[in-house]
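Residue strings, one per chain:
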Amino acid sequence: MKINNHLTILGTIFLAFWLENFINQYSINFYIEFNLGFLVFSYWVFAMHEKLQAFSSLAYGVVVDLFFFSALGFNMLFFTAMSYLINLYVFRFRIFSYLQLSIFFSASSIFYLACKYLLFSPLNYSYLMLLNSFIFNMILWVGLYFVLRSFRRKFLSM
Amino acid sequence: MARSAPSYIPIRNYLIGFFLSALILFADIRFDSFASIKGFFRASALYLQLASNVPLNQLNKITSTFSEKIAITQENNYLKQEIIKLQTKAMIEQKMFSTQIDRINSYENKLNTLGMKSISLFEIASIDLKNYLCCSSHKLFLNNPDKKSISTNLPVMAKESYVGQTRKNHMNFIEVILFSDAEHLLPIKSPSFFCNARGRGKPLMISCVVNTEESALTNVNDSIFTSGLGGVFMPNIKVGEIIEINPLSIDESEVIIKLIDDPLEQTLFGIVG
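So the sequence lines, in the order shown, correspond to chains A and B. Remember, our numbering sits 715 above the position in the first sequence when you count from 1. Remember, our numbering sits 3 above the position in the second sequence when you count from 1.
Bear in mind the hints are in silico, worked out from the structure with no lab data behind them. Accuracy of the hints is not assured; some may be wrong.
Here are the simulated BS3-like pairs of lysine-lysine, each with C-alpha atoms no more than 30 Å apart in a straight line [what the hints assert, rightly or not]:
1) B:K41 with A:K717
2) B:K41 with A:K766
3) B:K171 with B:K192
Please read all numbers here as calculations on a predicted model, not as lab measurements.
Make a model of the complete structure from these sequences and hints.
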């Protein structure tokens, strides 16, 4: 894959993390946390699984960790694991319905969220927040899927 | 259906990536091994943020040149800034002065404690909002354009009270750990107990565990003051109020305290040292 495409993908992931930070400062009061960045990354791996494998995931994870003030290694770990999982079952996912896909991706993002809270803020861990976030991330995934698909078809040439 | 044939997934690469990330994560959380790299990137990101504001500010200046009231606006802004600075400084000095008067009354022989400490005012550069709202790490960054030498662990004051301590210097920025950070301990006292309050990882919240006898004498809305133990913070400065008392066991209760100064509402912070 061309370096320009990598930069475009990284740009969308950055934008998603930035938007997520912005939205979550309001939504957290209602026990909802959007996982936009992680979902956008998952979409790209899902859509371009042969181009985005272990090394790309690791590299994206390092950059996100460094620029978004997380503990170094956290996004690296989850991006690599998610990339492996998607690559392993990508052809099974292709025959999934949108509902099944959104359940899978939302559940993955909730697992990411739960680990984040357990590692960095166990006092704020809340099942209510996880449940709410699961529902809202499910809805978000469907929207993201269509937006990013049209973006990919328009701007990303392999 | 699939457009391409199933391909080989190199599990070895994934395993290497997985273990490498886990190792880095462990080293970072357990030993803070990458603090300097992360500090460098934080400072760079802040520089980028500040630099991106420069063209916008220039554009604003150009447009306001055409306005007749530019001089008045500038003067007004300058005076406002000065008033805020003076108010914050006066508040801190008043607190320090009153504390020192108390000390003199209590310990007449210890006149050497009268020496005033210097206060340096710094503007906020950024607050790590993502972690502040969700996680246990609560840090803010102050602008230090003159690269003043600031030691670590100095108390940081906002408008009415202390809010945290200096932690590190990254280029022209001072990292401040807030009281609500789960790693921070603050020696406090109330009319009925003394304790080291730990940050709860929630905005403005700290808590401490007291025994049942002490908690029986404690009420919601009681004021909480710095105890001065440890020698970092001056005693008798109000930092918060009790909002909840939760029994933990037969012998112990958890007292939850809400801090009075919200760092999100402040632009200037004083470092006392």
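The hints, checked one at a time:
1. Taken as a hint, the K41 (chain B) and K717 (chain A) pair is honoured in the structure, with Cα atoms around 28 Å apart against an allowance of 30 Å.
2. For the suggested pair K41 (chain B) and K766 (chain A), the alpha carbons sit about 29 Å apart, so the restraint of at most 30 Å is met.
3. Under the criterion of a C-alpha separation no larger than 30 Å, the hint pairing K171 (chain B) with K192 (chain B) is consistent with the structure, at around 27 Å.
In the structure shown, no violation is registered for any of the earlier numbered hints.
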